[in-house]
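Could you slot chains G and S onto chain X? The hints should help.
The residues making up each chain are set out below.
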Amino acid sequence: MIYLTKKIEFEAAHRISNYPGTCSEIHGHTYYLEVTVSGKVDWNTDMVLDFKILKSIIQTGVIDHFDHALILKRNSENEKIFSSYPGKIAWMESEPTAEQMLLWIVSSISPLLPDEISLAKLKLHETSGSCASWKDNKR
Amino acid sequence: MIYLTKKIEFEAAHRISNYPGTCSEIHGHTYYLEVTVSGKVDWNTDMVLDFKILKSIIQTGVIDHFDHALILKRNSENEKIFSSYPGKIAWMESEPTAEQMLLWIVSSISPLLPDEISLAKLKLHETSGSCASWKDNKR
Amino acid sequence: MIYLTKKIEFEAAHRISNYPGTCSEIHGHTYYLEVTVSGKVDWNTDMVLDFKILKSIIQTGVIDHFDHALILKRNSENEKIFSSYPGKIAWMESEPTAEQMLLWIVSSISPLLPDEISLAKLKLHETSGSCASWKDNKR
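Protein chains in written order, with the numbering used here: chain X, -17 to 121; chain G, -17 to 121; chain S, -17 to 121.
Source of the hints: derived by calculation from the structure; they are not laboratory data.
This list has only true hints and no planted wrong ones.
Which copy? The list can't say, so a pair holds if one copy fits it or any two copies do.
Once the Cα atoms are required to be at most 27 Å apart in a straight line, the calculated DSSO-like pairs of lysine-lysine come out as: (1) Lys34 with Lys22; (2) Lys103 with Lys(-11); (3) Lys34 with Lys105; (4) Lys70 with Lys105; (5) Lys22 with Lys37; (6) Lys34 with Lys103.
For clarity, every value in this text was computed on a predicted model and none was experimentally measured.
Isolated chain X, as found in the complex (with noise of 0.2 Å):
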């Protein structure tokens, strides 16, 4: 089987509004995402999925959504503080903890590939020393 990986940063911020610690204040992150998908090479182009298709997705399903925005869990603590803030924010019903960040992107990113291409693993890095990541249960 092959694989094509692409990696792609995006800079935002967030807070963990239940975190007892630093975290609980806003910060944020290059987030360092790495998208796998797996593929049978088509003998027509050579190619199980041309990189440019593969980063185009990601800049939909990921980058247009999370990057340069303000991600919050939408609970009513966060709502009244920020009810005033004329920015981006991206609303998750979960903390944007990098876990649950990775399994919001994989809901979003499955249903814009090919039907040929299955996402196999994700890896989003907080920082370079903390990454979380997902595998396809499957393979």
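This is chains G and S only, laid out in the frame that chain X set:
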């Protein structure tokens, strides 16, 4: 199971002759290759395989062939264009996409490994943001 | 399945006493260790495990033991050579190859993890180009 990975770079030029875009121009990459093998720890040496042996296998099986070469599909168009080119050409039966180069490298490295060592994974980076990988389906 | 990876460095010296080459000399590495655990997302914290807890487990299970130590196989040759050495020595039952250090780290970290968290993968880089890794065979 223990895995050993050796990472190595080589510089090469290629063109994807059937690509509808700039990748049909001659261009090049600093290819960054990760070769992962698996095996049992030898209790005499406390190693699976000496990293130096793995490096020399990659040198013979990959670097000697591709480094500072122009990698091309052997088709009539390329044979005509480069008929007067005196430099090193690595001809392939397919377009020299990362996907097909990976499959070529699998065939080239596998027979060079010692009996008790298996090729487990290959990762070939064309750029810092784009890589193709291959995994042994049997594990 | 969600995986969390924490990456951490430590500096140590070692010698491979039975190696027929310069690795039998005392030398050192900036070891770069990646520890990957897996588990389910806790819907109270929206995390699998706080990265800070994982970091502190690695500190206790690996860094406190190996950092700025001289790592040696406990054999009569080494015991004689270093009998007057007053510094920190991390003795091992095997030669301190990356392979055997990995297996040592598996045994050291596993019992420190919370019940619902499993050790999934370890990657130990001796240099930027050479690393050994271990994967849980059960998954």
